[in-house]
Structure formats: structure tokens, C-alpha cells
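Since the structure of chain E is already known, use the hints to place chains C, B and H with the ligands on it.
Spelled out, the chains give:
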Amino acid sequence: MSRSQPESRVLVTIAAIGGALALTVLLLTFVSSTPQAALRAFFLGPFSNRYYLGNMLNIFSTLAITGLGMAIAFRAGVFNLGGEGQLYVSALTATMTGLALASLPVMLGLPIALSVGILTGAVIAGLSGVFRYLWDTDELITSFLIASACIPIVDYLIVGPLKDQASNLLTTERVPEAFRLPRLLAPSQLNPTLIIALLLLVVAYIALFRTVRGYEWRLSGLNRQFARYGGIHTGVYIIVPMVVSGALHGLAGGLFVFGTHYATLVGFTAGLGWNGIAVALIAKRHPLGVIPAAAAFAYLESGAHIAMLHTDFTFELGTIIRAVIFLFVTATVLPHSDIAARMSGRVRPFSRKRQT
Amino acid sequence: MIYYAIEVMAPLLLAGLGGLFAELAGVLNIALEGMMLAGAFAAIVSASLTGSIAAGMLGGLIAGTVLAYLFYFVGIRMRANIFIVGLAINLLAAGSIPFLSSAMYGTKGVLRLPRVPRMPGFFVGIETGFPLLDQIFLGHSFGVYLTVPAVLLAGLVLQRTPFGLRLRSTGKNPETLRAVGLNPDRYRRAALLISGMGAGLAGSLLALRLGVYLPNVSAGRGWIALVTIYLGYKRPFGVLIAALCFALAEGVSVAAQGVLQIPGTILLGLPYILTVLAMIAYSAMRRVAPSDD
Amino acid sequence: MDLRHITKRYPENDVLAVRDVSLELRSGEIHALIGENGAGKSTLMKIAAGLLSSYDGEVRSRATDVCRLVQQHPQFIPHHQVWENLFLGIEPRTRWGLLNQEAAVRDFSALAGRYAFPVEPRMRAEGLSAAQAQLAAILGALLHNPDTLILDEPTAPCSDHETALVFEMMRSLRDDGRAVVLITHKLREVMEVSDRITVMRHGRVVGSLLTADTTPNELSSLMIGEDYQHSSSDRRFGVLRIDSGTAGRRSPVEKQDLETATAQTSPPNFQIPESRADPVFELREVSLVRRGRTLLERLNLKLYPGEILGVTGIRENGLEYIEDILSGSTEPNSGEVRIQGSRPSRYTPRAFRKLGLAYIPTDRLMRGASLSSSVEDNMILLDRKRFGRAGLLNRRASAHFSSALQQKFGITAVLGNPMHTLSGGNMQKVILSRELSQHSPVVVFSEPSWGLDFRSSERIHDEILRLSETGVGIILISSDIDEILSLCDRIVVMYKGNFARTLHGDERVRDTIGELMLGIEPEHSQSGAPGEAGVPQAPGEIESKDSAKGYGQ
Amino acid sequence: GCAPVEEEEAGRPYSIAVFVPGVVEGSPTYEMLVEGVRRAVDESENAEVRVVEGGFNQAEWSGSITSLAATESYDLIVSSNPSLPEIANEVSQSFPDQRFLVLDGYWEGNPRMRTVMFNQREQAYLNGYFAGLVTTGGMPASREARRIGLLAGQEYPMMNQVIRPAFLEGAQVVDPEIELDFRVLGNWFDAGRAADLANSMLDRGVDVILSIAGGGNQGVIATARDRDAYVLWFDSSGFHHGPGIVIGSSLVKLDQAAYERTRAAINGSLEFGVGEVLGVADGYVTFDSEDPNYTEYVPETIRAQHEQLMQRLMDEPMEFDIPGAN
Ligand SMILES: Nc1ncnc2c1ncn2[C@@H]1O[C@H](COP(=O)(O)OP(=O)(O)OP(=O)(O)O)[C@@H](O)[C@H]1O
Ligand SMILES: Nc1ncnc2c1ncn2[C@@H]1O[C@H](COP(=O)(O)OP(=O)(O)OP(=O)(O)O)[C@@H](O)[C@H]1O
Ligand SMILES: [Mg+2]
Ligand SMILES: [Mg+2]
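Residue numbers (the working numbering), protein chains in the order written: chain E, 1 to 356; chain C, 1001 to 1293; chain B, 2001 to 2553; chain H, 3001 to 3326.
Extracted from the complex, chain E is given alone in its bound form (with noise of 0.2 Å):
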């Protein structure tokens, strides 16, 4: 956040991505055999009718929150790396709630499956967390490990026992139809969702820099010898943002089922955990960042999908000019910040050793 010369950031930034847009027409004109087809589905197909417009808000939804739930994370300087399994886990026990509780009327079993679901974010990721306050454990090396020990077992249940017998897809049944989130732009899978994605960014961001809650968050993440010493209670903001980071992958897997799928389906998460990585670190770990970065992403993900549908662009072509604008953009938009440093080094500006 220097600073310095913020119009020369713009206009670098600007020159990145041109660079990596000029190196994907390249790498399409040359593979294509129909470049210039290619090209307008990649480009402009999220925006060429409403139902891939509505999908691509969708996706942007869903990643706003799981990227909210990163960035909100890495400010109190701690590290979920289980994002892909809370939500996958959240998203199946959230469906499971869902069915157990067809009978009740909507206001009362919707939220409550989503609370289920929240819960069961917030304490597996909680689970790290606690494990590093009380034992010292790396929590970005738990949560990992939690999260991929979790995955298996959901897998297991979705194929086994908590199956859809009626359906030869790998899934749960689907959700009782009155639960299910209305659809915004139909046929389109966008659904509220997108409302409170946005709700909870704006909310995020006020929490984070203009509560005193959000002050003692942030600086425990900047310097927790120091907040310690200032009297915050340091032990608190290891286990909260761990929490509140497995509570929001939670609830991005329960809107997952009730709003998108309405069911779980083996592997339907595909991604979107370490996506919400990505997204928080381009979004600089701003609430408010996070808009534009699930934005670009949704839009990079929804033009490969179209243009797979619709041209002989490949798989692997949306791949690797996703790395090349990842390579692009990154490299110049981000200064070498403190994050960068500390993910990259772990290098905590603060001793761990003593801590409450």
C-alpha cells in the first residue's frame, strides 16, 4: 500500500494486462483454427446473453466470499490452507441438514442448514487454530491437513452411504425444492448469493478498518508481539480468524447447495477454495480488493468455459492463459508487500514462542 506515485502503478498495471490480453490473442491465433470465433466467445461470451452473464456472477459470488474468507485471515496474520475442504465438508453437511429438515418451513430450516454449515467451517478450520494456541502447531500446514483428510471421507459418504440412490450421478439428493435460493437471472444459476457476497464484503471491510475490533485484528496480524504487549488479547485473534475463515468457506459451501447445486456432488467444489487464495493475495488481502479480483477471475473462468463450449478451445488453453495472466499481473500490480514476504519466508515479524 506505498504511497508512491499511484499514477505510475496504474498505467504499470494497465501495461500488465495488456501484456498478458496481447499474449493470449497470440497463443489463440496460433492454436485456433477458428481464432477469431475463439476469441469473441473467450472475451465476450460472458457477456453475450443472460445466462452466461448470470453464471459468471455466480461464479464471481462464490468466490467473493471464499476469497473474503482468505483475505480476512491473512489480516490477522494467520494462514487457512483448508479453504477447498471446509467448504466441500460445509457444503455436505449443510445438504444433509437440508433433507433432515424438509418438513420445517423455509425461514426457519434454510437457516438453520446454513448455520450448519457455517458451523462446520468454522470448526474444522477452528480446529487449527486451536491447535496452534494451544500447542503451537503451524496452522497453515494443519489446515491443509485437516482439509485433505476431510475430503476423502466426504467423498466416501456421498458415494456410500448419504447417496442419491435414484440418481447415477455422484450426489447427495438434492435439497427439498422450497429450500432452494431463488434464481435472479433465470435460466442462470445466479442467486442471492451475489447479495450477500457484496453484503459481506462491505461488512468485512467496515469490521476490519473501522471497528476497534477490526484495529486489534489487524495489528495482530502486523505485529502480534506488539499488540500483545498493548494488551490485546493475541490468543483471541488466532482462533477468531480461523474461525471466522472457516465460518465464511462454510457459508460459501452452504449457498453452494441451496442457491447453485442443490445438492453436493463428489468433487463439485473443484477449485474454488484455492481459488479464494489467489483471489485474496491479487485482491492485496483487501475486503473491497476482493471485488475486482473474484470479478477478473469469474470472467477468465466463465470466457475459457464458453469458449470450450462453443470453439475447439481447449481445456489446457484456458489453463495456461490463466497462468499467463497470472504471471502478468501479479508481477507488477503487487508490491513486494509484507504478505508476500511472510508466505513466502514465514517470516512472522514477531517472536511465537511466547504467546498467551
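Since the hints were made in silico from the structure, they are not lab data. There could be a bad hint or two in this list.
Here are some, though not all, of the chain E residues that point toward chain C, as calculated from beta-carbon distances under 8 Å [what the hints assert, rightly or not]:
(1) 20
(2) 141
(3) 142
(4) 148
(5) 153
(6) 326
Backbone N, C-alpha and C define an ideal beta-carbon position, used for all residues, glycine too.
What follows is chains C, B and H with the ligands alone, placed relative to chain E:
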């Protein structure tokens, strides 16, 4: 089981050791996965072109190194976010290998190329007089026997050479290097290249053991290698222990599938759970121990 | 070395730190560089040492000349051993190209031995006390065999004894025909050791004189830019009254405006106790054991309202552990702490603060400040709750608060800029302003005047006195005997984790303290307050390896 | 921006989209699917085909097929996967004019959809019987233990309810004592772990493994090669992957079915609304006995016994309960 655990451990360990260098130089190399994949692909291609295992391993090593250089260039020279660069390299490997594969051989699936030799077992006929030891330690593929010197070498280089000292200092506080007129970026580059070599070599072991290249053959081992660095408390010998633990846990889960009545899929989570428990137990023990402050 | 027309602007905060300065450093000379906080001394010397790149002007020196700067706050890699830190870039090698640890340790020990610096090469840097770290950093510079050695406030963390060692080293370098630059705020030292003096003010050189031709008064007027009257408590000229023994508390300079400002900025958070009979702070049989070593042994201490209690000693004799105990940063292994009669719920700074303790830490960079946060965010740390309205942070109120503090303490800073853009002295002022705005009944100061120019440290001393007048109990941890002598009612001297002795009234003599610090029991008085002082164990010399090993790690 | 270009009615080609729920390469079934449809299109005067890879995330398939249907430019969408009929059925509620041909899946009663299912029970049974012959001593490297192995990429209904029991059932025809060692890889690509799983099976006395694990099969081959064991292939001919190691392949003639049904669709003669099941008797499920490796490495006696089983299935097809059939 221990025999196979050792076999499983070898690539993890090589990648982990490589990653350790990067880690100590202050660069979290999450691109190990992509580098392994590239190493695997290049190993099969060059083994097929030359008909030699050694050339295959060299090819893997070079491929990993090339990606590592890209990592260095964007992540360090251009000051990009290390994590995102890592993700990008992984994507790049995952995307461009099928691309190359289909351009070169017309398939992006299983790549079974002619002239790829089988990985020979080493020390096969030898007997030391301890049949149990023979059974566990002899007859492994070449890569396994690479790991022991690799651990020793890594330890030597990191702890006992000026280069290692500077590299470790880079990770802890690059300013101290700058203050004495050294350029920390040089050490970051060296560390990254070494990690690329380790991961590339690890990938080549995976592929040469099978004799074919398969999409996604690394199957998350790059991530596990990363975990072993932390589990091993960032020491070469620790990484060895961690990789071995993980391999044993994996071995337990594999063997348990045949014996226990628990569904196989669930057991796949076992290595992770065992690892977390080991980690907690270790940390908790350290806390209790009076030597801690 | 010759600096010509150097100008340096920091773009981050648009500060013109050095303005058109020309300076000549001659070999065979000790050159003192003085000036108030933020005058630009560190910046200028960083330029001389080639550590800053973008500046105007010219630095001339012979190509073969080596110039080393020992920075104001030397930083080590905590996990690495001392020799690993210091031989970086000049590692001795064996025939095989491997690190030659023996040679490094040998060279280092030889050098340390030459100047009698008590630093162990194989010790981990995290175990170094601040003074040892400073000495180690100096040795690190010497390893490069510099033609020009620049020391940026090297004596700040040093006791008299260590200061003497440093000066000895400087003289021997000078006699060896090298150029030595000393930045310091202690005029006494300047007068004692330097040959020539350059005074800086607001980025400019305002005078360059021969030490023999000048007086402290002239220097301080030059620094401040006016004819300045020292208050009687000015310890830097304590030479004049060192043996006055009874010299206790002086009447503080009138600071009416200051007090009113304090009243405005914050209503008292705590009740200052009416009765002066009960201790506000107590240690009972407190011991601290780490890694099987007893660092503090059964300490007892009582602090009464309005009292200034000095704790001194050589830092590695337990001064830093007592700092941690007094501030709640570390939990003692046995014994208990009482603040205003109550036991804290836990041994955390949080619990201690709730009971009414304020604390100015020695470690400003890590513990005292969040360097990447704004100055304002650093100032409101303790008062954050007061700016919360329904949980929301009232930024206008906090800005008002911070600028009031800034004015009151004369802090040169832009409140919105990150803390790391401040000069060392201004950082300390930020910390002080924050702590003193709390109106806590107990204040622990640890080395409050390290790195402060004398006007600032005088302000702090006055502030300490004023606080005690209002009934605040103060513990002053300091390795600076002058500071302790000029301020404290009672002085405890630490030696090897014990309170060697508590000194009252006329016992408070510089030499006595000095001897106690070194573990030498002075002959002329044996009247330590019973129960509050341990008897020193085997007298021994501080520079012996024993003590360094025993308390360092 | 993908509106189809309208051409005059007469010249408008018959347009087909092949939706591959995964990626084509590396998957014999999908390769056969694409090949069959392509052949049909090539042979007809006025037809065109586009192949769309849908990726492995099943949650996305529905959306992708909806997108394809929404363009309204395809006369027929062809796909292959047991779960596709229900997805197609759902899409067809929103796009009632879209026609579907789904292979390897079963659905009755949607007048716009035709499905073709293969009797995988018979297919697994063929493999099982062959495995039984091998483990009871029919091959040079057969071991004493009467234990056969099955490695699955993942667990799924067809695997758990059909293939696994039928495989064992077939083996137990040879000897009721035969046991099955069933393992799960967890994905379809980790050949390294597949090799370890195979090793672990061999440790327990298994001598022949049916590998249905995608890329993981390569790991099984590598182990079998190192330790002298046998591998059976499923769906396509696998002999070339390891001559002398892969000694049996059950075949599903998906390419042929795809070719024939697509041709019929182009000609307008394909009947929709029905779901057919094709088995050994129909000639769509068989055991590859033509491959030279088969005759070279498999002893005469085994081949003959297996041939007899084929004959028996020709005469009396096995009942096939399709999991999750509507
Ligand atoms: N950000 C947070 N989120 C959730 N709980 C918190 C947070 N910060 C502190 N707490 C917990 O809330 C309680 C009150 O903490 P707070 O920081 O408000 O202390 P306080 O204002 O001094 O009040 P009190 O004296 O009641 O502790 C403590 O138990 C603390 O652990
Ligand atoms: N890294 C920096 N970035 C921005 N401004 C700086 C930086 N370092 C110093 N300054 C500013 O430059 C001015 C001179 O600082 P410098 O550190 O040279 O003072 P100093 O004379 O050494 O003071 P002190 O005695 O307090 O150490 C101060 O106003 C300070 O705020
Ligand atoms: Mg300075
Ligand atoms: Mg057998």
C-alpha cells in the same frame, strides 16, 4: 510394506529437499507440484529419445529447473506475489504439458513411448547376511539410493558451506546480506533452481518407475513434499523423517485397504490424519519438555 | 572520506533529512556527530557508508577504503549464531571450500579478546542482550577491517563499563590511523572521547569544532539553536554532582502547559491511590527458570505510590528478565506479582494493564511499535477502546487525540505515515506519549532515554518526576547510572539474577553502584534492606565467560 | 455471440454435438464414442459434428449441456455416461425440441432421448471367470492363493453394485473358494499409488488384477511387470500396454453402437424414447480373443474354457439390474 514405503518416500524426499532450499531462502515454493509434473514428462520424452534412464532423469531435472527459473524471474526479479506465481507455474505445467504432448505425439493421454527403458533394481543379488534388512533396503530403483546422498549433501551444503549460510540468512533477513554487499536475489535464485532440480528429479522418478507419462501423475505429491518441509522442521534430516512418516502412513492406508473392512475411500484420508496427529504430538511434547522456553 | 553537498529526501514522507551537508572524515581522528532526534545524523552516515542510493551530492573516498557503519539498532538473525551473523560475506573457508567454523570462532574471539568485549561467538543471536548485540555488531564491523568506522549511537544500550570498552576500542583504532565517527546524544561522552565535533540541526551542519575548544554548553546551544538552560536534574552533567549523594529528586521544570494538555487529551483511566502506605506494586519471591537455568531468584520488591524505584545492573545480569516479569510478558516459575494489591488473572501484559500498569519497553522496534502501521495507529493502541462507539472506531476523535499527543511531546512525524519512517528518537516519543496518556498508577520505564537527544530525555525525566509527584509509582529499569542516580529514591542493583543490594539515601553513590553491578561487594556499607536484596554470590568479573554464558541464552 | 448461421432449409446439414463428460484422450470409452460418431458423420453426405469436452466436474455437466441445447443449433447431442440420461432429461424439460442419444446409460420414456446400455454384469463376469482360471493355476505365474484383485478408480454405483459382485461371481464359477481383494485408488490418475496398491495386493497372494482405474492402470502394469503378475483390462483392448502382462480384455463395442445409432439418427430412422440393453448375445459385449498377444500368452486350455463361457452367455444372457435406472 517398509520396502514400498521407501520407494514412495524417494520422490517426496527429493522434492522436499529441493523445496527446503527455497524455503530456507525465504521463498515458499508451491510450484513443486508443477515442477514434478514437468520433470515426469521431460523424463519420459528424453528417455525415449536416448533410450537411457540417466538421460531421462537429466531431462526431468532440466525441466524442473527451467520452470524454477521462470519462477525466479517473475516471482523474485519482477517482485510478483510468490504464492500466485507458484499457482501460475502449476497451471502452466498442467496446461502446457498436454499441449506439447499432443503436438509432439498426438495424444494428451497416457504417453507410452518406445525405447523407454525399465528402471532397474539396484543391489539385487547382494546378501548382507541379514535377510530382513536385505528385503527392506536392497533391490530398490536407482532413485531411492539417490536420496541418502541427497540428504547428506543438502545437510552439508546448508550447514557447512558459505553458500548455505548465505542462503539461510537470505530467508531469515535479506537485509543482512545487503548490508554486507551481497545480493539476496542471487541466493533466492540458486535456491529456487535447486528446488526445481529436486522436484524435476522427483518427477522423473515417478514417471520412470512406471515407464510412461500420465496426466496428473504427480497427484498432489508436490504439496505433500511441501508439508514434509514444515513437518521436518526445515532440516534435511527432518525432511527425511517426515517423508518417511508420510510414506509409512500411506503404506498403512494402502495395506489397510486389503485387511480392514473399512471402505477404501475413507482410508485415503488416513495419511493426513496421522500426519496431523504426529505434528501435534511433537509440538505438544516440545512444549512440555523443560528445555523449551 | 569526503562528503560533498549531500542532500537526501525521503520520498515516502517527503522529509528533507539532509540538506546540502559537506563533511570531511579524517583518518586518525574520532569525529563526533551530534544533533537532536531527527537531525539527519543516521541518514547522513548511511549515505557515507553507501547504504542509501538515491541522494544528491558526492561521496569521495579512496577506492580501496573500507567504510563500515554499525547501525543505530543493529539487527541480527535471531536463530543464527553470532559468528554466523557476523561472518556473512567474509566466511573463512577450509581447503574444501567448506565453512571454517573454527577459524571464524578463533578470529572472532581474538578480536573480542583484544577489546575485551564479552561476546560469545557460538551463542545464538537471540540470546544476546542489547548491549552485547551492540558490541557484537561493532565486532562484526571490525572484522571487515574498516578504514572508516561509523558507530551510530553505540553506547545507548551500554553501561558505563561497556561504554568504556567501546571508547577504548575507538581510541585504539584512531591511534591505528583510522577514521572513527561516533553518533551519540551523550555530551559527556563526546567531550570525553572525540577529537572533533560536528553538530547537525534540521538536516544541516550548524557547526564543526575541535573538542578541545568547546564546552558542553556551547554544543547544546548549537544543537538546539538557542541558549539553553539546563535544568538542575540534568544528569549528563552529573559529573558536577556525582558525589553529592543526597542528590535525589529535583524540582521539575514548570510544565504547566503540558499538564493541562494531558488533562485535555484523556480523562484519567485509573484512580491514583490516596493512601501512600500500601505498595502499588509488589514482587513476592519471584523466580524465573528457563532451560534449567535460574535467571531470577526469589526476588522481593515493594513499590509505594509516588516513589521512583531504580533497577540497574548490567543487562545480562537479569535486567531484561526483570523487565519481562514486571510487565507481565513472562510468567514467573514461582512467586507472585501484585499490582495495587491484586493478583493479575494471568501473566500477560493485558492482565497487568487492566490492573493499572503502564510500560515502556526496551525493544522499541518489535515490542513497542508496529512499524508498518501508521503513527496514529501506534498512538491509539492503549486508548483504542475509548475511540469505539458501538464498536466503530471514531477516527476523528483518535486523530484529535494523536495530534494532541504529538504536540505535547514534540514528535516530528506525519501521523498518517508508517511508523518506520520516524527517526529513532521520535519513535520512542510516540511510545512514551502513548503510555503516559494512560494515567496508570504504576509505570515501568525500561531504558526510557536510549537514543533520545538530551532535550527529549530531559523532558522524559521531568515527566517521570512529575508523575511521581502526582502519586504514581515508578519503576525505572536502566543501565545508565547517571539516569538512575538523578531520578530515583531507591535503587536496587542486580547481579546474577539477584537484587544485590538496595541503596537508600547517601548510599546512592556512583562508585558503589558500579561495583555492585560488577558483583564486587563494596566495603564501606553493608546495610541492604533485609528481605529485599539477595546477597551477591561469588564476586566475579563480568567479562568472564561464565557470566556471559550463564545469563545470555 | 454464437448465434448459428441460418442456411436455407434444404442444405442445412444434420448437426451433432458430442458431449464428452471428461476428456477424450486417455479414455478408451470416450475415444470409441467420438470415433463411432465421426465415422457415421463422415459416411453421410450432409452432417457435421462438434466434440465438446465437459471436464471432470460432474456438477458442471448440466450447465454445459444446457448451453449446448440453448444454442438450438444441434439436431442431436450424443454423450456417454450412466449419469447423463438424468441430466439430459432435465435439460430436455427446458429445451423440449432437443434430441439426445446417450450411450452407457439407461432411460425409458423420454420421447426425445434414446439410450444404449451395455450389460456390464456380463462384462465383469467374463473378466471374473477368466481371472478365476488364471488364479487357479492356468498360467505360468499363477500363485497358490486363490485370490483375485480388482482396483477401482473410485467407488460408484455400477462398480459397487454390478461390476464388483459379477467379477467375483464369475471367478467363483471356477472355484467357489476364490476371494476378491478390492481396492480403491481415490482418483483416476495416481499411477504411483495404483502401483503401491497393486503391490499390496500381490503381497497378499493375488496373481491377477482387473484394473478399472483410468491412468492408474499404468501403475498396476508397472507392478505386474516387476513382480510377474497379470492384469485384466476393461472396456477396450489393453494388450498393447503390456504384452504378456495384460492377458485379457473384455470389450464393449461402444464405437459400433455409437456408429450405428448415429447413422440411424442422421437418416431419421432412430427410434427415441427407448432404452436398450446390449450384451454378449447382441455382440456388443465380448472378450478380445483376436489379439495376437492373447493367443501367444494365454494357454490353449484357458482360451477354450473361456470360449465356452462366451457361448453359454450367448445362449442365456444374464439378468442385469441397472443401478439407478428410472
Ligand atoms: N475480536 C474478538 N472477538 C471475540 N471475542 C473477543 C475478541 N476480542 C476479545 N474477545 C473476548 O471478549 C472478552 C472481552 O474482551 P475485551 O477485549 O472487550 O476486553 P475488555 O474490553 O477489557 O473487557 P473485559 O474487561 O470484560 O475483558 C474477552 O474474554 C476476550 O477474550
Ligand atoms: N526510512 C525512512 N523513511 C522516511 N523517512 C525517514 C527514514 N529514516 C529517517 N527518516 C526521516 O529523516 C529524518 C532524519 O532521520 P535520521 O534517522 O537521520 O535522524 P537522526 O539524526 O539519526 O535521529 P535520531 O537521533 O533520533 O536517531 C527524520 O525526520 C526521519 O523521520
Ligand atoms: Mg539516528
Ligand atoms: Mg492364485
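Evaluation of the provided hints:
no.: 1; hint: 20; in the structure: violated (11 Å)
no.: 2; hint: 141; in the structure: holds (5 Å)
no.: 3; hint: 142; in the structure: holds (6 Å)
no.: 4; hint: 148; in the structure: holds (4 Å)
no.: 5; hint: 153; in the structure: holds (5 Å)
no.: 6; hint: 326; in the structure: holds (4 Å)
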